[in-house]
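Asks: Numbering that gives the first Met the number 0 puts the sequence shown at residues 0 to 435.
The set of hints was computed from the structure by calculation and includes no laboratory data.
Keep in mind the model is a prediction, meaning the values are calculated, not measured.
Virtual Cβ for every residue (Gly too), placed ideally from N, Cα, C.
Any given hint might turn out to be false.
To be verified - Lysine-lysine pairs mimicking DSS-like chemistry, simulated, CA-CA at most 27 Å apart: (1) Lys-123 <-> Lys-179; (2) Lys-147 <-> Lys-76; (3) Lys-172 <-> Lys-76; (4) Lys-279 <-> Lys-76; (5) Lys-172 <-> Lys-66; (6) Lys-76 <-> Lys-123; (7) Lys-365 <-> Lys-123; (8) Lys-186 <-> Lys-120; (9) Lys-66 <-> Lys-234; (10) Lys-186 <-> Lys-228; (11) Lys-120 <-> Lys-147.
Said to hold, decoys possible - What follows is a list of derived Cβ distance ranges for each label pair: (12) Gly-224 <-> Glu-201: 33 to 43 Å; (13) Glu-354 <-> Lys-258: 20 to 30 Å; (14) Val-139 <-> Ser-50: 19 to 29 Å.
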Amino acid sequence: MLDFLSGTDNIILTGLKSFLIGIAPVVFFFIFVPFVRSLWIYWRQRTFEHSLEWAYLELKIPRVIEKNARGMDQVFKSIHTLINKAGDLGERYLLGEVTVWYTFELVSFSGDIHLYMRVFKPQKRMVEAAIFAFYPDIEVIEIEDYTKDLPNNVADMDAMGLDIWGTEMILAKDDVLPIKTYMDFEKSGDESKLDPISVFIEALGKAHSGEFVSLQFNCAPELPGWGDKYGDLIKKMKIPGVEEFKSPSGDVRPITIGKTKQENDIIQAVEKNIAEPGFKTLIRLLYIAPKDIWEEDFPRRVLRGLFNQYGQGDMNSFVDLERVTTRVTNWNFPFIFRKSRVRARQQRLLQMYIERDIEIEMFMGKLLTSHVFHWNFHAREIILNSTALATLFHPPTDLTLTGPHIQRMESKKMGAPAGLPIYADEKVLDRFINEK
């Protein structure tokens, strides 16, 4: 009897072994291959990104500029038409093509404010043409990347006696719900006095000597129809309410409750929001200052608090992403190594700011760029349409500025006189000038 049981056990073990060997390739495929795929795509995408050539532009504001954010709205719409996407497997897996993104920055060097842009170099002329079409008096000049003068890492900052604070801003609710835009500010009264960028200009203009303050907007165009995924949500919002009504006779029957004016306004605002071109956006705030004048409350309370003006209580607003903010207490998980966690967050934000990086798409990319004290899984892009972006970043009008925070051009540049033979030799040019 024991021999029989022993033989049965051997048969079972042999069968189990054969089964495990048989399914091992399947298990290997479904567990290991996704990680290899993620790693491969991340590598190809990073290779593609490093191959991109960038142009760094500065917007020089003239003494008089009458266009408000509506002009920048049209600029963003023009930029959106330059969208690219990986169209086939070769572009996705071999070339590693990603959507080219654009960076817009409002930067203060010791209270001296500059408006910068970083664009894909082959598209530089097209972007300039879009700007000149709606802001003909603005001068766009190509410059060196100013971030080359910033410290490369936290260790260098310590050696220079500097400290850093930073965070990223996200939407408090779903992307489908809009923020307050320049159109809403215009409805409130005189648009020149209610330009929301004026409070940022005023705040950044108060930076002390040696302080560096910046708002960075990294924007990648989304394909048309970006709001289609919210179709079911919008349908649900339009469904009228139903309540039970009890008649005097005691009968109970359902009655339809129509939408209130406020509910209808929200629905219209949502539909208008997703009808505009969308951009995946990552917003960063950065503050660097010498430790002897370091004032954390300035960026943490003042600068971050200025985003509250874009909030609409019944729709959307901005909040900071706490998981990346360079402020950690012992009450935050995992409750230990507070200083090491702060330094890891500072290093990440500084590096991402200098490289103007957007959110990493692939899991393995996020894993490989993580630090033991700060995992790189917390960054989150939001989708803003062209109107919202123009509200956040646009050239201020002459009526907006309340102090000498931005260096303005004394006069606008004029075009060459008609008929000037610009391709002629010097003798022809001299004769042309003398005749004039």
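Asks: Decide, hint by hint, whether the structure agrees.
Replies: Quick rundown of the hints versus the structure:
Restraint check for Lys-123 and Lys-179: not satisfied, since their Cα atoms lie roughly 30 Å apart, outside the 27 Å limit. For a cut-off of 27 Å, the pair hint linking Lys-147 to Lys-76 is broken: about 30 Å separates their Cα positions. Note on Lys-172 and Lys-76: the hinted pairing holds, with a Cα-Cα distance of about 24 Å set against a maximum of 27 Å. The straight-line distance between the Cα atoms of Lys-279 and Lys-76 is roughly 14 Å, inside the 27 Å bound, and the hint therefore holds.
Distance check on the hinted pair: Lys-172 and Lys-66 sit about 31 Å apart at the alpha-carbon level, beyond 27 Å; violated. Distance restraint check for Lys-76 and Lys-123: the Cα-Cα separation of roughly 16 Å lies within the 27 Å cut-off, and the hinted pair is therefore satisfied. With a C-alpha separation of about 30 Å, the suggested pairing of Lys-365 with Lys-123 is violated against the 27 Å cut-off. For the given pair, Lys-186 sits about 38 Å from Lys-120 by alpha-carbon distance, which is inconsistent with the 27 Å threshold.
Between the alpha carbons of Lys-66 and Lys-234 the distance comes to roughly 37 Å, so the proposed pair goes past 27 Å and is violated. Distance restraint check for Lys-186 and Lys-228: the Cα-Cα separation of roughly 30 Å exceeds the 27 Å cut-off, and the hinted pair is therefore not satisfied. Taken as a hint, the Lys-120 and Lys-147 pair is honoured in the structure, with Cα atoms around 18 Å apart against an allowance of 27 Å. Range check, Gly-224 to Glu-201: about 39 Å between beta-carbon atoms, so the 33 to 43 Å window is met.
Separation of Glu-354 from Lys-258 is about 47 Å and departs from the stated range, judged on CB atoms against 20 to 30 Å. The supplied range of 19 to 29 Å is met by Val-139 and Ser-50, whose beta-carbon atoms lie about 25 Å from each other.
Hints 1, 2, 5, 7, 8, 9, 10, 13 from the list above are not met by this structure, while the remaining hints are.
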